[in-house]
Amino acid sequence: MSHPRITVPSLALLTALFLLISGGDCFAHKMRVFAWEEQDDIACEARFSGGRPARNVKVEVSDQRSGAILLTGETDDDGNFRFPTPIDHGGLLIVVAGSDGHQASWQLAAAPVAAASPLPATDQARLTTTPLDNSTPPVVVSEERLQRLISEAVAAELAPIKRALAENAESSPNLQDILGGIGYLLGLAGIIAYGRAQKKRKNP
Amino acid sequence: MQKTATLFFAFLLLGHIEAAAHFGMLIPDAPRITGENPATTLTLSFSHPFEQVGMDLSRPEKFTVTANGKTTNLLETLQPATILAHQGWQSSYTFNRPGVYHFVMEPAPYWEAAEDLSIIHYTKTIIPAFADDVGWDQPLGLPTEIVPLLRPFGNYAGNSFTGQVFLHGKPVAGAEVEVEFYHPGQHLEAPSDHHITQLIKADGQGIFTFTCPLPGWWGFAALNEADYTIKNPAGEEKGVEIGAVLWLYFDETPKIGR
Numbered sequence: 001m002s003h004p005r006i007t008v009p010s011l012a013l014l015t016a017l018f019l020l021i022s023g024g025d026c027f028a029h030k031m032r033v034f035a036w037e038e039q040d041d042i043a044c045e046a047r048f049s050g051g052r053p054a055r056n057v058k059v060e061v062s063d064q065r066s067g068a069i070l071l072t073g074e075t076d077d078d079g080n081f082r083f084p085t086p087i088d089h090g091g092l093l094i095v096v097a098g099s100d101g102h103q104a105s106w107q108l109a110a111a112p113v114a115a116a117s118p119l120p121a122t123d124q125a126r127l128t129t130t131p132l133d134n135s136t137p138p139v140v141v142s143e144e145r146l147q148r149l150i151s152e153a154v155a156a157e158l159a160p161i162k163r164a165l166a167e168n169a170e171s172s173p174n175l176q177d178i179l180g181g182i183g184y185l186l187g188l189a190g191i192i193a194y195g196r197a198q199k200k201r202k203n204p
Numbered sequence: 205m206q207k208t209a210t211l212f213f214a215f216l217l218l219g220h221i222e223a224a225a226h227f228g229m230l231i232p233d234a235p236r237i238t239g240e241n242p243a244t245t246l247t248l249s250f251s252h253p254f255e256q257v258g259m260d261l262s263r264p265e266k267f268t269v270t271a272n273g274k275t276t277n278l279l280e281t282l283q284p285a286t287i288l289a290h291q292g293w294q295s296s297y298t299f300n301r302p303g304v305y306h307f308v309m310e311p312a313p314y315w316e317a318a319e320d321l322s323i324i325h326y327t328k329t330i331i332p333a334f335a336d337d338v339g340w341d342q343p344l345g346l347p348t349e350i351v352p353l354l355r356p357f358g359n360y361a362g363n364s365f366t367g368q369v370f371l372h373g374k375p376v377a378g379a380e381v382e383v384e385f386y387h388p389g390q391h392l393e394a395p396s397d398h399h400i401t402q403l404i405k406a407d408g409q410g411i412f413t414f415t416c417p418l419p420g421w422w423g424f425a426a427l428n429e430a431d432y433t434i435k436n437p438a439g440e441e442k443g444v445e446i447g448a449v450l451w452l453y454f455d456e457t458p459k460i461g462r
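For the record, the sequence lines run as chains X and W.
Under my numbering, the first sequence is numbered contiguously, ending at residue 204.
Under my numbering, the second sequence is numbered contiguously, ending at residue 462.
Keep in mind that the hints were calculated from the coordinates and are not lab data.
Quick list of the computed label-pair ranges, beta carbon to beta carbon:
#1 X:I192 / W:R263: 36 to 44 Å
#2 W:Q390 / X:D77: 46 to 54 Å
#3 X:D41 / W:A243: 20 to 28 Å
Glycine included, C-beta positions come from ideal geometry on N, C-alpha and C.
Same shape as in the complex, but just chain W (with noise of 0.2 Å):
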């Protein structure tokens, strides 16, 4: 009998680790623009961010970049990568004007058995190039997005994030955003499940503010049920989970004295 329980919990055990939140996510690997590297390397990958944890991403459907009234298409660019160990993409951008660059990621659609349903992120990150601060507020009029009323960029750990939720053009009341703490290269050790994936509550205008405490990056996805379905990879027609997720950086806060 203790044989078998034994065994059971090893079972509990193993099919935990993939139980956390995904995200998409849109790495750059400056958060910021400046003369002195004029160019980043932007990672796309579907991935459990604290754990590190990754899932195969296939080819986006759409990854453009918006700055100065304009948006490109990027899709063209990205090459295939391996990103914690599954597939993955990236692309190289180089900037050649000041403005607030805002990259978006719309991955096509994933299929999670496990949810009974299929899995949009809608994945945005802004950055500033050479010192520009307009536009960090625009919305970009995605199907779902998170809209910062913090600016996005130059802030420190232990920093609010506040941000505003949409959904086809609306905000949403009541809205549920998982959060979750990105450190390249760095294991953490959570004391539960729930420190991995905190959770917060939008109020009636869809607004939620989010202290964030380490520095490094954080994602921020608020999950709504589409009001469509698509088919699943059997062919049945499935819910749609559409999240909209925003990556922020926050700088380590200075040192006083030295």
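Chain X on its own, in the form it takes in the complex (with noise of 0.2 Å):
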């Protein structure tokens, strides 16, 4: 998907050369893109594969529920790109694109919404912010604020399971004991006929 596809000879010839130039490390690399949420903004950072920053890339931002383009920029010499949180997105396509073909993007959740409007199907979550009360107003939450949170529900849910888990830790004998046990027993009454017959076959 990222990589231009050559048919032209000359192009090749270009490509050769260019390659010879910049080491190959251009079209041996995947560019990769992540964003997060901080405060009140959203902050991305588009890298090499090999971890080089990938600096001075068009960054465009879309609406994933309009497909409106929100905003566009160029990420800065480390690879990152800044911008505020839209208000009441319907979940953000970030796509970064180098000059080169080569092309990343990540997908943010919607935006903390106080109305229950259905989210599209593509909006499922990477960040979820909506607030656990639909009825309360709009809140920001951090993010450690929110991995706390999902944390303690999803220990909440977990609680029984885990306690159940516990339980079972300390089973009973399996068949694999039982059988071991079985032929523990079964060797040792061979060992025993084994010596037996021995003796007997030594004084008939």
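Please assemble the complex out of the two chains, which come individually in their own frames, going by the hints.
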């Protein structure tokens, strides 16, 4: 997807020349982008595989619900880009595109909305910030707090399962233990029988 | 006489079930983390992976994750779980930044009377989050570890794994590495016991290469005798087998055409 297709021979020649000059890393390296919410901003970082920053590449932010392009810009020298979180967006699609055909995207789920508007299927939770109670006005939740909320909720949900698992840990002997036990008994009996047989053979 | 022989054979057969190699296991539900699902469950156990026969793993001494130059203690997140009908542990981890995450379990010494030694398997699993690929080749400075020379993710079944065995920071010439395949819930027939636990010896630099022919998790265990002894449950000073275990996931080869 991100690699240009080379069909024209002269282009191939140019490419070869370019590869020679650039050391080839442009083509070998995939670009990636990651974005997260930080206070009232969305922070993005664009990198090439191997970790080099994708500097001065185009960034396009669009609303997933309306499809409208909300803003465009360029990453800085460290491959970072930052913008204020758009109010009441329907999920963000962040696309970074280099001049050499590299492209990568990241999706962020819809902003916390008070109205119970059904979310499109594409808005799968990345960083879900929907308040637990829909009747309350929208709240801004910091990432740390969000994580704590999620882990508390998950812990509460999992508690009975964990308890059941913990109880199971004190498990009774399983089939293998039983078979093993029988095996040992049979084996011991076998040794005794063998010993007796040998004795019998020696002194009939 | 014939009866005796049959009984004896039965004993051998049943006694044999426990004879295969055990591996420290640290298996995440997802071999890589993507935006669709930024969390995974990690399952810790001490098992015979190929035969899927469990053993008890008491509460590990350490459980950590190292990524982006930072090591975090996860010991408190462990919850008891039943793994292959035995005591194991589980933890859930949520990823919030790109990175290459090295999960490490250091179990409490396991006294193996049959081998007259204690076993400590330093168990490591490396998974990437959000397409990051930096730092997979870094040693963590464990008492013993396998450092990958093949990037340990994004590989197909049939790719060859190359790794280097370290003991106290130095490569181990001629290290023996046991290899087992683990495919949760699927029981495969091996033609012989040798196929269950495969074996490779490292070269003079502690480097070995092994081709993994099936999609799923592959465990590599480099086993060495420690230069110290510890007390067994009876209070006797006994030798210690310290193992460097590394788990890697190999994906199914994509089908051509379709």
